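J.: Here are the chains, one letter per residue:
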Amino acid sequence: MNRRASTFAVHAILAAYTLLALFPIFLILINSVKSRTAIFGSPLSLPGPDTFSLVGYQKVFSDSQVPLYFFNSVLVTVVTIALVLIIGAMAAWALTEYGFKGATLLKLYLSIGIMVPIRLGSVAILKLIVGMGLVNTWTGLILVYTAQGLPLSVFILSEFVGQIPKDLKEAGRAEGVSEYQIFVYVILPLLRPAMATVAVFSMIPVWNDLWFPLLLAPGNGAQTITLGIQQFIGEYVTDWNAVLAALSVAIIPVLVLYVVFSRQLIRGLTAGAVK
Amino acid sequence: MASVTINNVRKSYGKTEVVHGVSLDIKDGAFVVLLGPSGCGKSTLLRVIAGLEPITSGDISIGGTVVNTLHPKDRNIAMVFQNYALYAHMTVYDNMAFSMQLKKLPKDEIKKKVDWAASILNLTPYLDRQPKQLSGGQRQRVAMGRAIVRDPAVFLFDEPLSNLDAKLRVQMRTEIKELHHKLSTTVVYVTHDQIEAMTMADTIVVLRDGVIEQVGKPLEIYDHPANLFVAEFIGSPSMNILSGEVASENGVPVVQSNGIALPLPMSAKVAAGQKVKFGVRPEHLRPTLGGAGFPAKVSVVEPTGPEIHIYADVGTQEICAITQERLELAPGADIRLVPELSRIHLFDPASGQIIGT
Chain A
1 MNRRASTFAV
11 HAILAAYTLL
21 ALFPIFLILI
31 NSVKSRTAIF
41 GSPLSLPGPD
51 TFSLVGYQKV
61 FSDSQVPLYF
71 FNSVLVTVVT
81 IALVLIIGAM
91 AAWALTEYGF
101 KGATLLKLYL
111 SIGIMVPIRL
121 GSVAILKLIV
131 GMGLVNTWTG
141 LILVYTAQGL
151 PLSVFILSEF
161 VGQIPKDLKE
171 AGRAEGVSEY
181 QIFVYVILPL
191 LRPAMATVAV
201 FSMIPVWNDL
211 WFPLLLAPGN
221 GAQTITLGIQ
231 QFIGEYVTDW
241 NAVLAALSVA
251 IIPVLVLYVV
261 FSRQLIRGLT
271 AGAVK
Chain B
1 MASVTINNVR
11 KSYGKTEVVH
21 GVSLDIKDGA
31 FVVLLGPSGC
41 GKSTLLRVIA
51 GLEPITSGDI
61 SIGGTVVNTL
71 HPKDRNIAMV
81 FQNYALYAHM
91 TVYDNMAFSM
101 QLKKLPKDEI
111 KKKVDWAASI
121 LNLTPYLDRQ
131 PKQLSGGQRQ
141 RVAMGRAIVR
151 DPAVFLFDEP
161 LSNLDAKLRV
171 QMRTEIKELH
181 HKLSTTVVYV
191 THDQIEAMTM
201 ADTIVVLRDG
211 VIEQVGKPLE
221 IYDHPANLFV
231 AEFIGSPSMN
241 ILSGEVASEN
251 GVPVVQSNGI
261 ALPLPMSAKV
271 AAGQKVKFGV
281 RPEHLRPTLG
291 GAGFPAKVSV
301 VEPTGPEIHI
311 YADVGTQEIC
321 AITQERLELA
331 PGADIRLVPE
341 LSRIHLFDPA
351 SGQIIGT
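Keeping their order, the protein sequence lines are chains A and B. Going by my numbering, the first residue of the first sequence is number 1, and it counts up by one from there. Going by my numbering, the first residue of the second sequence is number 1, and it counts up by one from there.
The set of hints was computed from the structure by calculation and includes no laboratory data. Since the structure is predicted, the reported quantities are computational estimates derived from the model, not experimental observations. Check before you lean on any hint, since a few could be wrong.
What the hints assert, rightly or not - Here are the simulated EDC-like cross-link-like pairs (lysine to aspartate or glutamate), alpha carbons at most 20 Å apart as the crow flies:
id, chain 1, residue 1, chain 2, residue 2
1, B, Lys104, A, Glu179
2, B, Lys277, B, Glu302
3, B, Lys113, B, Asp94
4, B, Lys113, B, Glu175
5, B, Lys111, B, Asp94
6, B, Lys275, B, Glu307
7, B, Lys182, B, Glu53
8, B, Lys269, B, Glu178
9, A, Lys166, B, Asp193
10, B, Lys277, B, Glu318
11, B, Lys27, B, Glu178
12, B, Lys73, A, Glu97
13, B, Lys103, A, Glu179
14, A, Lys166, B, Glu159
15, A, Lys101, B, Glu175
16, B, Lys132, B, Asp165
17, B, Lys297, B, Glu318
18, B, Lys217, B, Asp193
19, B, Lys73, A, Glu235
20, A, Lys166, A, Glu97
21, B, Lys277, B, Glu249
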């Protein structure tokens, strides 16, 4: 009885939090299909026959630039995640498996990156990117985001690499498998759940980021969707229909990516490997 | 197939040396068991043969080639681990085929080898399963299958049966021995279980604290232990050891210990007044109800079925005797114990080494 009560309490709290977290998204979704007057008149009411309007979506999709911004965002996010995962896993494997001199120091150094926000270095990064001629390119953004995601990735993956039974790696070694092959065929498959976690963690900030696109890629067709939405927000007039519609559409890709990764979050992948 | 030669190998972790200059010759096709208590360096020795740990000094050769600095993958060895170490994300077939697939051997050759290994190990019905769907014994067989498909120069077993239950252990013991007869590949096998060692080995190497105490055939080690450590370590219940001093009684050499006189064979190379440790295995102490032998007071009687273990006090020391006779004994009873003269061992108390008898 007591146990049931506490289970109920936990679920109630979680449900309340979920409602709280989803409410802004819900607001965006319902208002994105309302007419302009209805958005301002009664922002909390659901769209009715009188107030229903797809004008926002029409504007967004008639804007020839929006698909490009979408493509930019998806490309930057996906390539960043790929790099963060591959480089992060390799670094985690090297730092954890080969206890070379200074490995602990290097790990600590990397974890500073988790504590210090990368935006503190914006000026230096901007100078660097300008110096390399990477302004208004995907490459510039991807490099910065990879740097932003790597510390956490290395940190989390190191923990998981450390948990992989030592015997598994040694079994591979004793079997005549090279270190690279052990990493690719033994370690990486076992790291899948951890890599999914890292992917989810590093994907959202990259997708949502406005700061670096604004600084490093504000024009020349390299803008991301967050920047693209800004064009509907004017100094004097903001086209809320378009903004809300664009935001609603912008949720979809990140939702798809999340579903893809969360399916990998299977526990007990090493069950049966060792007793 | 290959011989393994270990020449004055030392291994240190930091400043702590755990293997102190071990030398050992393992003949081609031999089944050698490294036996010793926990922390004696037996696993470390196996791991340096495998190349999983670098050696600090000395030489290791496999098949006549010095392999000191070779990566494990280049040593042509196969290792079976205590906790199986199967690739959990692969099927049984892929687990066994893994190394060959990476070497890009032709598919039909891989299949032939895996099928052959599976049939030897009775794994054919399980080839499509995942390790987690197998029992402990089956998992260990998969681990062995993974080793034998590669046809290595040396098999290295690191306590492969420790995680199995008692019944399965006995069964797997026989299977590993049969496997060795079929393949006649050199085997180095690490265990702390003396029964495993006795039953499987051609040669047992007894280790303590990183030093080899004795090398010999199982029965040789049992019947003629080189020192006190081996004498006490091998055998269960372990050998009775009584401290005493050599004396002469009516012209017959005896050991005075705990107020009794233990008879010695005339051939014993000891002098009167010499301090010795007198060792006799429980099965070489014959309990009788009267007559010859020295007196003892029964404290515990343990019938095991084939035999009866009798624990009795001699002075302040408890000793054990084993008999197949159905003696009706109660705790507190007075008995006499007759040591078998030809089967006693004398050790030097200072060095622990055997003294000839």
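J.: Now look at each hint and say whether the structure bears it out.
T.: Consistency of the hints with the structure:
At roughly 17 Å between alpha-carbon atoms, Lys104 of chain B and Glu179 of chain A fall within 20 Å of each other, so this suggested pair holds. Annotation: proposed proximity of Lys277 of chain B to Glu302 of chain B is violated, straight-line Cα distance about 26 Å (limit 20 Å). At most 20 Å may separate the alpha-carbon atoms for a hinted pair to count; Lys113 of chain B and Asp94 of chain B meet this at roughly 12 Å. Restraint check for Lys113 of chain B and Glu175 of chain B: satisfied, since their Cα atoms lie roughly 19 Å apart, inside the 20 Å limit.
The suggested pairing of Lys111 of chain B with Asp94 of chain B holds, with an alpha-carbon distance near 10 Å, which does not exceed 20 Å. Only pairs whose Cα atoms come within 20 Å are accepted, and Lys275 of chain B paired with Glu307 of chain B is rejected, the gap being roughly 33 Å. With a C-alpha separation of about 30 Å, the suggested pairing of Lys182 of chain B with Glu53 of chain B is violated against the 20 Å cut-off. For the proposed pair Lys269 of chain B and Glu178 of chain B, the alpha carbon gap of about 43 Å is over 20 Å, so the pair is violated.
About 23 Å separates the Cα atoms of Lys166 of chain A and Asp193 of chain B, which puts this hinted pair outside 20 Å; it is violated. Our distance criterion of 20 Å between C-alpha atoms is met by Lys277 of chain B and Glu318 of chain B, whose separation comes to about 15 Å. For the hint linking Lys27 of chain B to Glu178 of chain B, the alpha-carbon distance of about 19 Å falls within 20 Å, and the restraint holds. For the hint pairing Lys73 of chain B with Glu97 of chain A, the CA-to-CA distance comes to about 17 Å; that is within 20 Å, so the pair holds.
A threshold of 20 Å between alpha carbons decides the hint, and for Lys103 of chain B with Glu179 of chain A the separation of about 14 Å falls inside it, so the pair holds. With a C-alpha separation of about 16 Å, the suggested pairing of Lys166 of chain A with Glu159 of chain B holds against the 20 Å cut-off. Between Lys101 of chain A and Glu175 of chain B the alpha-carbon distance is near 45 Å, which puts this suggested pair outside the 20 Å criterion. About 18 Å separates the Cα atoms of Lys132 of chain B and Asp165 of chain B, which keeps this hinted pair within 20 Å; it holds.
Between Lys297 of chain B and Glu318 of chain B, the direct Cα distance comes to roughly 9 Å. Compliance with the 20 Å bound is thereby established for this hinted pair. Restraint check: the Cα-Cα separation between Lys217 of chain B and Asp193 of chain B comes to about 16 Å, which is no more than 20 Å; the hinted pair holds. Our distance criterion of 20 Å between C-alpha atoms is broken by Lys73 of chain B and Glu235 of chain A, whose separation comes to about 67 Å. Under the criterion of a C-alpha separation no larger than 20 Å, the hint pairing Lys166 of chain A with Glu97 of chain A is consistent with the structure, at around 9 Å.
For the hint linking Lys277 of chain B to Glu249 of chain B, the alpha-carbon distance of about 18 Å falls within 20 Å, and the restraint holds.
In the structure shown, a violation is registered for the earlier hints numbered 2, 6, 7, 8, 9, 15 and 19, in ascending order.
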